[in-house]
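Novice: These are the residues of each chain, in order.
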Amino acid sequence: MFFTLPRMNKIVRVLNILALVLLLINIIVVFFYAPTERTMGNVQRIFYFHVGTAWVGAIAFFVALVAGIFYLRKPQVKWDTLGLSSVEIGLVFLTITTAAGSVWGRPAWNTWWLWSPRLTLITIAWLVYAAYFMLRGAVEDAEKRGRFAAIYVIISFITIIMAYVSIRVLRDIHPVVFGGTADTAQGAAEGLQEFEGGLESMRMGLTLLMSTITFTVIYLAWLFNRMRLQYLKDEVDSLKIRVVTRLQGGGT
Amino acid sequence: MIEIKTLVKNYGLNPVLRGVNLHVQAGEFVTLVGPNGAGKSTLMRIVSTLLKPTSGLVEIGGWALPRHSDRVRRYIGLVSHQTMLYADLTAQENLLFFARLYQLDNADARVARAIKYVGLAARQRDPVRTFSRGMMQRLTIARATLHEPDVLLLDEPYTGLDQDASQLLDDLLRREVDYGRTILMITHDLAHGLNLCDRTAILNRGKIVCEVNSHDISSSAFLELYADHTRHQKKKKQTT
Amino acid sequence: MSEQSVSPSLPGAPSFFTAVKAIVWKDLRIEQHTRQTLSLMVMYSLVTVVMFNFALEANLAAARDVANGLLWATILLAGTLGLHRSLALEQDNQAIDAILIAPIDRRVIYVAKVISVTLFTLLLEIILVFMFVVFFNKPFWQPAVLFILALGTIGYVAAGVVITSMAIQTRSREVLLPILLFPIVLPLILPAAIAVAEYMTGQPEMTRVTSTVSLVLAYDLLILAAGFIAYPYVVES
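Chains as they are written, first to last, in the working numbering: chain A, 54 to 305; chain B, 4 to 243; chain C, 2 to 238.
Hints listed in this document are in silico derivations from the structure and should not be mistaken for laboratory results.
Derived lysine-lysine pairs resembling DSSO-like cross-links, with alpha carbons at most 27 Å apart:
id: 1; chain 1: A; residue 1: Lys197; chain 2: B; residue 2: Lys55
id: 2; chain 1: B; residue 1: Lys55; chain 2: A; residue 2: Lys131
id: 3; chain 1: B; residue 1: Lys210; chain 2: B; residue 2: Lys55
Here are some, though not all, of the chain B residues that point toward chain C, as calculated from beta-carbon distances under 10 Å:
id: 4; residue: Arg48
id: 5; residue: Thr52
id: 6; residue: Leu54
id: 7; residue: Arg74
id: 8; residue: Gly80
id: 9; residue: Ser83
id: 10; residue: Leu88
id: 11; residue: Glu96
id: 12; residue: Asn97
id: 13; residue: Ala102
id: 14; residue: Arg103
id: 15; residue: Pro130
id: 16; residue: Val131
id: 17; residue: Met139
id: 18; residue: Arg146
id: 19; residue: Ala147
These numbers were taken from a predicted model, which means no experiment stands behind them.
Here a beta-carbon is modelled for each residue, glycine too, at the ideal position from N, C-alpha and C.
The task is simple: from the sequences and hints, build the whole structure.
Specialist: As structure tokens, then:
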């Protein structure tokens, strides 16, 4: 592991407290400090969560990619755990992002969901990382599981890169991509752009920054908790081995 | 030719090989016997460069594994209980494929010679799926020796063979010995384990527990020895 | 030591492309004997197309509108059959081990498998395109469309060979394949399908075609590079 156990315990404790405090402050900032948006009203506030979680999702998948590369270079359990935890957390955050976006979309677009390119590609990303757990579940041997998971995470990151690039390229050329839902899709694209370019005040920008920092710290706290669990599990396993060898008569 | 020192392989928490030491000289025929789960197949996969060891030293012809796998692969041939042949290809095509993969010169002539050598010339244009188990195993030997390897590895080669086919395989193996190839065979079949080779080692629970010179020991004495070492294991299991 | 030492017949490390050629030759030979992969893929595609028509309640106008999407969906579905057949073949009788103990680079296997499965899928696509022209009366038969199909196929197979090789080594085997593979390749299929859709109108908007095709190309290159680098880890333990 990356740290000794006492060190890990300390980091986890600090991060837990920090995350909790930041989350409380963030909620206060989002609801009382940030100004009410003109066209959307209070509903717009959900976007601070939406963007914050989306940011963490991207970071988490990137960390998983790096962990995957390191695992292939040197297969150590810590890299596998880092990758697994990161995908796990990333998927949860991606789900929050989508749910928050959907809640916003209902009043904004008059529908919970649209098959616009961005939403479609987000769904695909979600499916890609959900399948990661199916792959892990289907491999029994730990070494092979780690190896396959690492390869899969590397391949899936290409999907993420392509999804991001596609959204830009496809929208730049033409915001309407799917024939049937042309009008609503256009609305979706504009709705998103309106927000992105519409941080009219400093206070909105600061709130967004605060949210992003908060969710990043929550991610780190979660990650370290997860890593610590793995650490304890490894400890237990190695103790088990020692007990078993002792019982077998030590001569082995 | 083959040098194995304190070889360890763990599957997760499970130790399969726990410090195997074995030395096979050039031109020697060594058989490894042992009960199921002793770690024979794992050892064979490591020696044949298909599996990386957890720790320890494995050298073939002076080249260490897994570092020099690429080099070692040119000097080894593997015959396993799996045919490792393509059932839909003919005997000739199968060998031709491996000749091309190894990029041997005079591939056609070599293949023709190899097929004749194992006595399959009459059936060389038939798909392998129509072959009997014994014929397949002979073709497997032709495949494994096509590139004239110095070391021949045999992984339970007698599996599924009847009396006659075993006899034929024995003859072929004897000829390989005469060629001067170094042979390492693993088997759970004691009868075959003993009569061809120079030396027999017993692998049990991931360790070599006994090594004997096959010429110095009668088969009944060896059977006793083998039973001794495996009974030993059962006794220990009961106490735990 | 043997008097017939190996050295004369093996002058140096075997060349990469000769080994690739050997494996492709072998795959084609097997197909020549059995003709199973291609016929399976074609039959499967037919069933898919008929089934979709049934879903559209034989509404020809509706069927024509979705013909492009249907073509890609059919290719994806039938493609998994080709991928699975080609890679499961190596697992039968552990033939893969014989390749792995040969002194060849592991990436040879990747390149060879991508080539042979791409060849099968391209053949299937030629048949499919012909079928679609007949069934849906849409202008699929044009060089540009075939070119986009080919580009899409390369990326699809390049991802497919890696994913399939892993899937067949798991407990759930091929069942896992579509779940793992389809989401991965959708960012490739999406722009490719949009590009083909442009040609269905008769007057393709070139800026859109170039932008979508460059997305397809980018995906192809990225996935080929990743597969090429990662494949040794797929087959080696």
